[in-house]
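Student: Sequence:
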Amino acid sequence: MGRRTGYLIAAGIVIGAFAVAAIMVSLAPQPERREPPSQFPYVETAEIIAGTDFIPVYGAGTVRPSAEIDLAPQVGGRIVWVAPGFRSGGRVDRGQLLFRIEEADYQHRVRDAEAALAARQVALLEARGNVVIARAEYERFAARKDQNVDEMRAPANPLALREPQLDAAEAALKREEAQLAAAQLDLSRTRVSAPFDGFVREESVDIGQLVVPGESVGRLFAADAAEVVVPLSDAEAALIPGLWALSAAASGREAKDQRVAARVIADYGGDRYAWPGHVDRAERSLDERTRTIEVIVRVPEPFAAGEPVDVDYRAEAHAPPLLVGKFAEVVIEGASPTNYVRVPRDALQPGDEVWTVGEAGAVRIVRARVLQRGNDEVFVTGAFEPRSLVIISGLQVATDGMTVRSAAQDAAAAPSSRP
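For the sequence shown, numbering that gives the first Met the number 0 begins at 0 and goes up steadily by one.
Worth flagging that the hints you see were computed from the coordinates, not collected in a lab.
Accuracy of the hints is not assured; some may be wrong.
Unchecked claim - Heads up, simulated EDC-like pairs for lysine to aspartate or glutamate below, C-alpha to C-alpha not over 20 Å straight-line:
hint : residue 1 : residue 2
1    : LYS325    : GLU201
2    : LYS325    : GLU306
3    : LYS173    : GLU113
4    : LYS325    : ASP270
5    : LYS173    : ASP205
6    : LYS325    : ASP399
7    : LYS173    : ASP270
8    : LYS325    : GLU162
9    : LYS325    : ASP345
10   : LYS325    : GLU67
To be verified - What follows is a set of in silico ranges between Cβ atoms, one per label pair, in the way DEER data are often shown:
hint : residue 1 : residue 2 : range
11   : PRO83     : VAL228    : 46 to 56 Å
12   : VAL211    : GLY373    : 48 to 58 Å
13   : VAL228    : SER335    : 51 to 61 Å
14   : GLN183    : GLY207    : 19 to 29 Å
15   : GLY207    : ASN129    : 29 to 39 Å
16   : PRO163    : SER203    : 32 to 42 Å
In this text, all values refer to a predicted model and were calculated from it rather than measured experimentally.
Just so you know, even glycine gets a beta-carbon here, dropped at the ideal spot from N, CA and C.
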């Protein structure tokens with residue numbers, strides 16, 4: 000093979016290689032064209048909810064009885080009988096006899112006082128008779144002078160007419176009447192009864208025990224109502240309508256018109272139960288330590304079974320009373336302004352700012368006034384635009400007018416899937 004033939008073969012190989020490469024390049028798939036990623040930050044947003052109901056005022060406090068007393072006898076002696084229900088945790092009714100002190104000594108004192116009173120009654124009758132006799136003798140003496148009694152009679156000596164003796168007899172009778180009343184009162188006090196419907200917190204009395212006047216032998220608390228003292232800041236207390244017009248002494252329709260509804264919630268056995276109540280009154284002084292206002296919420300039927308907050312058959316069957324000393328949450332129906340909104344708690348930024356996003360993705364910083372902070376949401380007022388969203392995460396620093404992206408905007412910009 001000549002040299003010329005070799006060149007031709009080499010040239011053919013090169014040309015074929017270029018042809019194959021050209022064919023392969025032409026047959027290669029075209030790369031997908033992608034838009035460059037957006038430089039705008041991506042944020043999570045939530046809707047602004049216009050407020051239409053009352054603003055809840057949240058608080059907490061310890062349940063206490065509306066009334067609680069130390070039970071002590073007013074007379075001394077030996078205990079001879081104790082009611083079976085007068086035990087710690089027992090319920091007692093108003094007027095129910097709780098225990099009785101030996102009565103014999105006090106019965107003897109009543110009889111002595113009755114005898115002394117009878118003697119004084121006789122003495123008073125004698126004194127009255129002596130006055131009648133003395134006055135008659137004085138009249139006869141004056142008549143013997145054969146002169147006009149009215150003209151000649153000088154004022155008679157009261158002692159001669161035995162008037163002081165009559166006054167002394169009447170005073171002695173009153174003293175004996177008082178002695179008899181005191182003896183009868185002491186006798187009645189040997190029977191100690193419950194002053195109101197309530198429960199026995201503690202007792203320390205047994206048959207045969209000697210008690211002295213004024214010594215506490217038990218403690219009762221009222222069963223008609225319970226109270227929860229809720230410390231609130233002045234900003235929270237300002238949300239309770241008519242707080243300072245409330246009167247604990249109001250009754251009937253006036254009290255119902257004044258009432259601000261509340262709900263007391265307590266845990267029991269892992270479940271939550273609620274009892275209806277109302278704001279009863281507020282202290283007129285600040286707590287010296289916490290500088291808060293103490294608002295008293297009254298629960299009219301604390302010892303009725305609570306209503307399960309989360310419905311559960313087991314919870315309904317084992318619903319407890321509102322136990323005295325229990326720590327409970329309180330939700331008070333606050334004011335109902337017309338221009339407030341509810342936003343997620345994460346939307347509230349430092350300095351009470353709320354970052355909103357308009358339809359075009361532009362950020363607007365709204366200075367908000369916080370009315371109330373809940374567990375998951377905040378009640379605020381401010382210059383919020385209609386149909387705007389609030390930023391809850393994804394942005395550390397914001398400026399007015401900056402542009403952001405959100406899932407809501409991406410969904411609105413996506414083409415419709417319908418044909």
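Student: Next step is simple, just say for each hint if it's right about the structure.
Tutor: Comparing the hints with the structure gives:
no.	hint	verdict
1	LYS325 - GLU201	holds (17 Å)
2	LYS325 - GLU306	holds (16 Å)
3	LYS173 - GLU113	holds (12 Å)
4	LYS325 - ASP270	holds (14 Å)
5	LYS173 - ASP205	violated (39 Å)
6	LYS325 - ASP399	violated (49 Å)
7	LYS173 - ASP270	violated (66 Å)
8	LYS325 - GLU162	violated (70 Å)
9	LYS325 - ASP345	violated (31 Å)
10	LYS325 - GLU67	holds (16 Å)
11	PRO83 - VAL228: 46 to 56 Å	violated (35 Å)
12	VAL211 - GLY373: 48 to 58 Å	holds (55 Å)
13	VAL228 - SER335: 51 to 61 Å	violated (25 Å)
14	GLN183 - GLY207: 19 to 29 Å	holds (26 Å)
15	GLY207 - ASN129: 29 to 39 Å	violated (54 Å)
16	PRO163 - SER203: 32 to 42 Å	violated (54 Å)
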